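Chains as they are written, first to last, in my numbering: chain R, 4 to 116; chain V, 514 to 622.
Just so you know, these hints were derived from the structure itself, not from any lab.
Nothing here was measured: the structure is a model prediction, and the numbers come from that model.
Hints should not be assumed to be uniformly reliable.
To be verified - Restricting the straight-line Cα-Cα distance to at most 25 Å, the calculated cross-link-like pairs of lysine-lysine (DSS-like) are:
1. R:K17 with R:K73
2. V:K586 with R:K12
3. R:K12 with V:K617
4. R:K60 with V:K614
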Amino acid sequence: DGGITQSPKYLFRKEGQNVTLSCEQNLNHDAMYWYRQDPGQGLRLIYYSQIVNDFQKGDIAEGYSVSREKKESFPLTVTSAQKNPTAFYLCASSIGTYSYEQYFGPGTRLTVT
Amino acid sequence: AQRVTQPEKLLSVFKGAPVELKCNYSYSGSPELFWYVQYSRQRLQLLLRHISRESIKGFTADLNKGETSFHLKKPFAQEEDSAMYYCALRGGSQGNLIFGKGTKLSVKP
Chain R
4 DGGITQSPKY LFRKEGQNVT LSCEQNLNHD AMYWYRQDPG QGLRLIYYSQ IVNDFQKGDI
64 AEGYSVSREK KESFPLTVTS AQKNPTAFYL CASSIGTYSY EQYFGPGTRL TVT
Chain V
514 AQRVTQPEKL LSVFKGAPVE LKCNYSYSGS PELFWYVQYS RQRLQLLLRH ISRESIKGFT
574 ADLNKGETSF HLKKPFAQEE DSAMYYCALR GGSQGNLIFG KGTKLSVKP
């Protein structure tokens, strides 16, 4: 089954804990992205990566960190420094950052209490 | 500043009625615009892009540079069109997509 997978679908954490969200793709895409989706806010870019071992901050990177050690994987860590971490997180990939289409994963809903 | 504005959070129409989802953008260069759609319990996916000038599922969108708009239109709405629609602009230093806040379309029987 090709595409982008995100796990888990639902994630619960206590405040003050770091948590890592998984994103894997087998589309052989170079570029990968993390977005945060909040009601009424649309999609906001957290981090993106154009190629392995490289990533750039998006519009709302504070309190988040990423790594890109493999082409297929782009995990996102939500740190305790993120003031409002409860949200729906979407991962996406594209052939390159200038590709006209991004392919999205099913998302992970993170709840921090 | 590069920005995408979707003025309507919710648009409700009856089946068979025309529908127009509004999108305005702010961009200094030559814009590249897209519509993405998210049906209930499905992934966000590309619906159409202005360059292709195609009709997908009966939807069309024309880029109006004078009015800086890229409204999504369909002459006869169907119940299966009910979804969240996002307008997106290719911008940013690396060509990233800038998304609007989305419009929820509800088509009533």
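Tested hints:
Only pairs whose Cα atoms come within 25 Å are accepted, and K17 (chain R) paired with K73 (chain R) is rejected, the gap being roughly 29 Å. Taking the CA atoms of K586 (chain V) and K12 (chain R), the gap is about 33 Å. The hint is violated against a cut of 25 Å. For a cut-off of 25 Å, the pair hint linking K12 (chain R) to K617 (chain V) stands: about 23 Å separates their Cα positions. Taking the CA atoms of K60 (chain R) and K614 (chain V), the gap is near 20 Å; set against the 25 Å cutoff, the hint holds.
Figure legend: structure checked against the earlier numbered hints; hints not met, in rising order: 1 and 2.
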